[in-house]
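Taken in order, these protein sequences are the chains called A and B. Counting from 2, one number per residue, gives the positions in the first sequence under this note's numbering. Counting from 5, one number per residue, gives the positions in the second sequence under this note's numbering.
Heads up, a few of these hints could be off.
[As the list claims (entries may be wrong)] Derived pair list, reagent style BS3-like, types lysine-lysine, alpha-carbon separation capped at 30 Å: (1) K6(B) / K222(A); (2) K241(A) / K51(B); (3) K121(A) / K93(A); (4) K342(A) / K31(B); (5) K6(B) / K217(A); (6) K112(A) / K148(A); (7) K361(A) / K6(B); (8) K51(B) / K222(A); (9) K31(B) / K355(A); (10) K222(A) / K423(A); (11) K342(A) / K6(B); (12) K264(A) / K51(B); (13) K93(A) / K6(B); (14) K68(A) / K22(A); (15) K205(A) / K241(A); (16) K217(A) / K31(B); (17) K361(A) / K93(A); (18) K6(B) / K362(A); (19) K148(A) / K131(A); (20) K154(A) / K131(A); (21) K241(A) / K22(A); (22) K51(B) / K205(A).
[Claimed, not checked] Counterexamples of contact, computed for chain A against chain B with all Cβ distances above 12 Å: (23) V234; (24) D236; (25) L262.
Please keep in mind that the hints were generated in silico from the structure rather than gathered at the bench. Treat the numbers as computed from the prediction; the structure is a model and nothing was measured. Ideal placement from N, C-alpha and C gives every residue a C-beta, glycine not left out.
Each chain, letter by letter, is given below.
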Amino acid sequence: MRVVVIGAGLGGLLSAARLSKAGNSIEVFERLPITGGRFTNLEYRGFQLSSGAFHMLPHGPGGPLAKLLKEIGADVRIVRSEKTTIRMPLEKGDADYRQGFRDIPFNEFQKPLSNRDRLKSAYLIVSTRKYPPEGSTLKEWISSQVKDEWLVKLADSFCGWSLSMRSDEVSVEEVFEIIENLYRFGGPGVPMGGCKGITGALEKVITANGGTIRTKTEVSKILVENGKAAGVVVDGTEHKADLVISNIGHAATAGLCSEILSKEKHAEYFRALEALQPSAGIKICLSAEEPLIGHSGVLLTPYARRINGINEVTQVDPSLAPPGKHLTMSHQHVAPENIGKLEEEIEMGLQDLKEIFPGKKYEVLLIQSYHDSWPVNRASSGTDPGNNTPIPDLYVVGDGAKGEGGIEVEGIALGVARTMEKILG
Amino acid sequence: MKINDNCVGCGQCTSFCRQGAIVVMGKARITDACVECEICAPYCPVKAIEVPI
Ligand SMILES: Cc1cc2nc3c(=O)[nH]c(=O)nc-3n(C[C@H](O)[C@H](O)[C@H](O)COP(=O)(O)OP(=O)(O)OC[C@H]3O[C@@H](n4cnc5c(N)ncnc54)[C@H](O)[C@@H]3O)c2cc1C
Ligand code: SF4
Ligand code: SF4
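Extracted from the complex, chain B is given alone in its bound form (with noise of 0.2 Å):
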């Protein structure tokens, strides 16, 4: 998953992210964590987070 400039880091993917994989300060950052389920990137409301092809 990639976070792309978009983010304004509003915190909405980290509350639905169940592997606690998205820490936001400013902008969203995803760890090491994540298991690419893409559950967290409809709910992103401007469109930053990037399903990787």
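Looking at chain A on its own, in the form it has when it is part of the complex (with noise of 0.2 Å):
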């Protein structure tokens, strides 16, 4: 089979080194000069900053990447997170950290509750796994149980740095889920090599297996013929294909067959794409002499007016900064209403971080901004209408097409997976 991928993004190179295991003949094309979409290293002043992901997957050797990774032979090596840890104020009632603050492992969140809400929020652990809540967001379901603020800003802290939303923005029904997939596949975990140790590898599977990987070269136009994908359009050039695969969203991918997609006769198509809310967030990577947080895996931030959480991924990878340096970045989500003062927000960022790390040395190395077109996530996961098209042989993958269950990466492998077995049966 003939296959043509369009954007070599994680889900595009994904799709590409299965198709081509399975014996396939394929061609990514690829717009910009570099690969890897929103998930591969950007070079600067000696440290391996991101295109967007924080070098950090999940569910780390346990999730679903990891395991699409492993089917499809891909050479990596992705370490656990030792740790998860929340920064509270060193005394209940504070609102901040400036009074000083104390660190806790997350599996002891109760800690800050009333005995009564500890034994609710108890009961609730172990019930929910039986009968996960639903039909309300996340932070209705809390309040309506807990009367303790706590939950509500640590549920915020949480959703701000693993879906780049609010806990009223997110249904606890996907909440739910998620803590399920902890539970079944772990917590987070870095690939060695960061974003580009991933999608490096798996170029790698695509060239050994005869298939070709186009920069610079940007797909204008997916042809059909018969009522079938049959092919794209690259600088004026047909390319045949039996099968398209595209990296790039359903709305841009929608956007590439208007001729033959029509806003009457695929209404309900059209109805699911304006529904998409893409989420924004701003990263802020700083470089420091001492470690800012001292173990590998995500500390969780949720007295601070922005920042949702920091990790430090030079300790599990020590290249990813110079010799002697820590790689240490923080996540902040951004509502969509305060996406037009971008500065601001990230003003109230580092105001966070110097309450953060007080007396700490540490340099801003980049701000980094997503909304939009170049969002977090064009979708969050069980909102968007999953890989097929209303055109047979064209499949979307990658963030807007995750389909249900796994947020972020593993959202993409999981849709991934599906559209292989849809494929190759």
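Each chain sits in its own coordinate frame; assemble them with the hints.
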């Protein structure tokens, strides 16, 4: 089978590698001079920063992405993070970290609650596994169970870090699915070599199997013949294929076949596309000589104004920074109404960092923001139309087509795995 | 070089500019250090860097 893949992001590369391994002839077209999309390294002043992700996989070596990489035969090593910690104000009742702080392990998150609420939450932890709640946002659900504001703060910081959303924007079902996946697959991990450790290994599989990846090559149109996808147009030249896989999200994909898709005939599909909400976020990359976090997991910061969490990937792979330096990166969710005020949002993030790391010496390397057509996630899990399109032999993969279950790159991997099953049987 | 409204502030261009001529803070801004080499333009994921004709 001849397969064309549009876009060399993680979803595109995973699909191309899997299909090339199954003996198909693969051509990947990428608009940029680099591959990997929002999942590769950007070298900057000797640091391996990233084009998007925090060099971290939500479920580390036990997750769906790790499993798919193994099936594909990609040579990557993923190291499980030791722990997740939560930074608490020193005294209960303090609104922020200015009077001091202490860190507690994530699994002791009930400790700050009153005895009564602690008992209640212990009961909920057991009962919700059997009967997961549904029908509301996470925030509404928490507030209906426990009066203490602490759990909402923690939920905001957790959702901000892992979904770039607030707890009142996320459905309680989705969060309980994430929690169930944490039981099933384990917590986060860091790939050796960062994001590029993964996307680079996938490229090797593709080329070793005779596939080609062409950078600086933009697809301008998807060819449709007899109602089915039949290839693409690149620089005015037709490239015929039996199957087209798009890694550029549903909306942009629909834009490449606008002659075929009509708002009247495919009204339901277009309605689904209009409902997709990309999430926005800001990453602040820090360089420090002394570790700022001191472990390889996430530090959640529920009492910061804006920063949701921070990681320090050099705790796993020191080669992501020059010798003797650490790379520490903070993430903050940006609410839709604040996208027009990014500078103010960044200022608040920088102020937070001063209070989270008082007296520590660090340097701000680069501040990166993401929204709209280059977002943190094109759609939250469970809200997109999945991998199919109204056109047979045209599939969409990537973070705008994760389908259900699985966040971020784990969701991408699940979507790709499901698509491969449809194609390869 | 001109930065248009597409810019999201992702900083990708900064990492490819050898002159250190792009400052990002929510949006990219090109400084006087720019030598108009045009290297940065194709790296922008949202076509925000316009090359003067
Ligand atoms: C700040 C930030 C932090 C994140 N942190 C994490 C994290 O820690 N862990 C995690 O798991 N996930 C994280 N994510 C999410 C993760 O990075 C993305 O979900 C993932 O990289 C998206 O991959 P994708 O397959 O959708 O492809 P994309 O990365 O969107 O790639 C699509 C590719 O298609 C190309 N393209 C577009 N149009 C065309 C065309 N017409 N022709 C040819 N090529 C085209 C683009 O140039 C691009 O390279 C983060 C994202 C951001 C932005
Ligand atoms: S044109 Fe060259 S010098 Fe100017 S900002 Fe772009 S890469 Fe830097
Ligand atoms: S690469 Fe493009 S979107 Fe990103 S900061 Fe530079 S100009 Fe803006």
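Find the hints from earlier in the document that the structure breaks and name them by number, from lowest to highest. The structure conflicts with hints 7, 13 and 18, although it agrees with all the remaining ones.
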